[in-house]
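Peer 1: Spelled out, the chains give:
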Amino acid sequence: MENSRDYSSGVLTVVCSNLAKACEKQMRPEASSRFHALAQYFTSIAPHQDSVSLSNLTDRIASDGTSGYIELETAGKAVEDRGALRCATWGKKVTAIHKSLLGRYEKQGESLVEDTNIYVCEACGFIALAKQVPNVCPICKAPSSRFTQIK
Amino acid sequence: MHAARNVHLCTKDCLCLFVCPTGATDTETGQIDFARCIDGCRLCVDACPSHAIYLVYDRYPVKPEKDQDVVAALDALAESKVQQELICSSLGSSGELPEKLAKALALSNRILAEDCTREADFMMVQTQAVKILLRDLAADADRVGFPSEALDGLVKDFS
Chain A
1267 MENSRDYSSG VLTVVCSNLA KACEKQMRPE ASSRFHALAQ YFTSIAPHQD
1317 SVSLSNLTDR IASDGTSGYI ELETAGKAVE DRGALRCATW GKKVTAIHKS
1367 LLGRYEKQGE SLVEDTNIYV CEACGFIALA KQVPNVCPIC KAPSSRFTQI
1417 K
Chain B
36 MHAARNVHLC TKDCLCLFVC PTGATDTETG QIDFARCIDG CRLCVDACPS
86 HAIYLVYDRY PVKPEKDQDV VAALDALAES KVQQELICSS LGSSGELPEK
136 LAKALALSNR ILAEDCTREA DFMMVQTQAV KILLRDLAAD ADRVGFPSEA
186 LDGLVKDFS
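Chains as they are written, first to last, in the working numbering: chain A, 1267 to 1417; chain B, 36 to 194.
Hints may contain errors.
[As the list claims (entries may be wrong)] When the alpha-carbon atoms are kept at most 27 Å apart in a straight line, the in silico BS3-like pairs for lysine-lysine are as follows:
#1 B:Lys47 / A:Lys1291
#2 A:Lys1287 / A:Lys1359
#3 A:Lys1407 / B:Lys98
#4 B:Lys166 / A:Lys1397
#5 B:Lys135 / A:Lys1407
#6 A:Lys1407 / A:Lys1358
#7 A:Lys1373 / B:Lys135
#8 B:Lys135 / A:Lys1417
#9 A:Lys1358 / A:Lys1417
#10 B:Lys138 / A:Lys1343
#11 A:Lys1359 / A:Lys1291
#12 A:Lys1358 / B:Lys47
#13 A:Lys1365 / B:Lys138
#14 A:Lys1358 / B:Lys191
#15 A:Lys1291 / B:Lys166
#16 B:Lys98 / A:Lys1291
#17 B:Lys191 / A:Lys1359
#18 A:Lys1417 / A:Lys1397
#19 A:Lys1291 / B:Lys191
#20 A:Lys1343 / B:Lys191
#21 B:Lys138 / A:Lys1373
[To be verified] Quick list of simulated restraints, FRET-style, between CB atoms:
#22 B:Asp93 / A:Lys1407: 27 to 35 Å
#23 B:Ser129 / A:Asn1401: 33 to 41 Å
#24 A:Asp1316 / B:Ile73: 55 to 63 Å
#25 B:His86 / A:Thr1332: 39 to 47 Å
Calculated from the structure, these hints are not laboratory results.
Note that CB positions come from ideal geometry on N, CA and C, so glycine has one too.
With these hints in hand, go ahead and build the complete structure from the sequences.
Peer 2: This is how it looks when you write it as structure tokens:
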């Protein structure tokens, strides 16, 4: 078999939580709960992010925009991997939404999230601040049933 | 191949019950009983007026191999989004961000990270990357708290 890739426990959590979802879609509830158990384990051993500030987040958002997604697009274009390019297209847009939300929060403070609901698109990660769930996701066109309301 | 029902589309016209030769479509959970469903039969799929029934495959084709540079770029982005998820959760508990906004950002980052792993060969469990992962995880199986029974089950089904 091929060589292993080197993953942090954080990435292993995400690999397993995604595979749990994929198993659900294949109607494999037992395999899904096994991947959930693995995801939980990797969450439990992931190092905690203590003493972080908003700038840690905005720095990462900026570098995803200036290098992370650029590298993905360059590599994806070179081999015409349209799936990877799709991931870059959605990811860049959602990351821009994160940046905009944090910018608005800096200006408006708590009033940004008062008198509104927050919905997240489970397909692409788009975040909507709105009274009602969007009919369709503006980024990936998933229907309203794919949105989760944050409570 | 076995039939599965999308309960959100199902309009309870019950034509699947009329055509199913084994009664697999008639269950208290609303889902189709795989144990009774006949492999590849698809009578219910074609009979359903709401297109709420579809076939789930048991075997999947081998996907074209992913380019190493693409995988490396996706892995790096997944790591960055995972870190952002952790930072958002932490900013939510410390009160630096409103709790709901922090939760939404953390979930959104999780979804972005998952999407990167999907494109990096972890789209579904029947891939070479998952086989390698399961093999590698077996080396960790004696660590404290490791769910080794879960891993054993997955290795048995998917290796």
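Peer 1: Does each hint fit the structure? Answer for all of them.
Peer 2: Against the structure, the hints come out as follows:
1. B:Lys47 / A:Lys1291: With Cα atoms ~21 Å apart, lysine 47 of chain B and lysine 1291 of chain A stay inside 27 Å; holds.
2. A:Lys1287 / A:Lys1359: With a Cα-Cα distance of about 23 Å, the restraint between lysine 1287 of chain A and lysine 1359 of chain A holds, given a limit of 27 Å.
3. A:Lys1407 / B:Lys98: Cα-Cα ~26 Å, so holds.
4. B:Lys166 / A:Lys1397: With Cα atoms ~44 Å apart, lysine 166 of chain B and lysine 1397 of chain A exceed 27 Å; violated.
5. B:Lys135 / A:Lys1407: Between lysine 135 of chain B and lysine 1407 of chain A the Cα gap is close to 24 Å, so the pair holds against 27 Å.
6. A:Lys1407 / A:Lys1358: holds, 16 Å
7. A:Lys1373 / B:Lys135: holds, 18 Å
8. B:Lys135 / A:Lys1417: holds, 7 Å
9. A:Lys1358 / A:Lys1417: holds, 26 Å
10. B:Lys138 / A:Lys1343: Roughly 34 Å separates the two Cα atoms, so the pair is violated.
11. A:Lys1359 / A:Lys1291: holds, 26 Å
12. A:Lys1358 / B:Lys47: Measuring from Cα to Cα gives roughly 41 Å; hence the hint is violated.
13. A:Lys1365 / B:Lys138: Since the Cα atoms of lysine 1365 of chain A and lysine 138 of chain B sit roughly 15 Å apart, the hinted pair holds (cutoff 27 Å).
14. A:Lys1358 / B:Lys191: Not satisfied, since the Cα-Cα distance of roughly 38 Å exceeds 27 Å.
15. A:Lys1291 / B:Lys166: Distance of about 19 Å is within 27 Å: holds.
16. B:Lys98 / A:Lys1291: Answer holds: lysine 98 of chain B to lysine 1291 of chain A is near 18 Å, not above 27 Å.
17. B:Lys191 / A:Lys1359: At roughly 40 Å apart (the allowed maximum being 27 Å), lysine 1359 of chain A and lysine 191 of chain B break the hint.
18. A:Lys1417 / A:Lys1397: holds, 13 Å
19. A:Lys1291 / B:Lys191: holds, 20 Å
20. A:Lys1343 / B:Lys191: violated, 38 Å
21. B:Lys138 / A:Lys1373: Holds, at roughly 20 Å.
22. B:Asp93 / A:Lys1407: 27 to 35 Å: Hint holds: Cβ distance 30 Å, inside 27 to 35 Å.
23. B:Ser129 / A:Asn1401: 33 to 41 Å: holds, 35 Å
24. A:Asp1316 / B:Ile73: 55 to 63 Å: Distance hint for aspartate 1316 of chain A, isoleucine 73 of chain B holds at roughly 56 Å.
25. B:His86 / A:Thr1332: 39 to 47 Å: holds, 44 Å
Checked against the numbered hints above, the structure breaks hints 4, 10, 12, 14, 17 and 20 and satisfies the rest.
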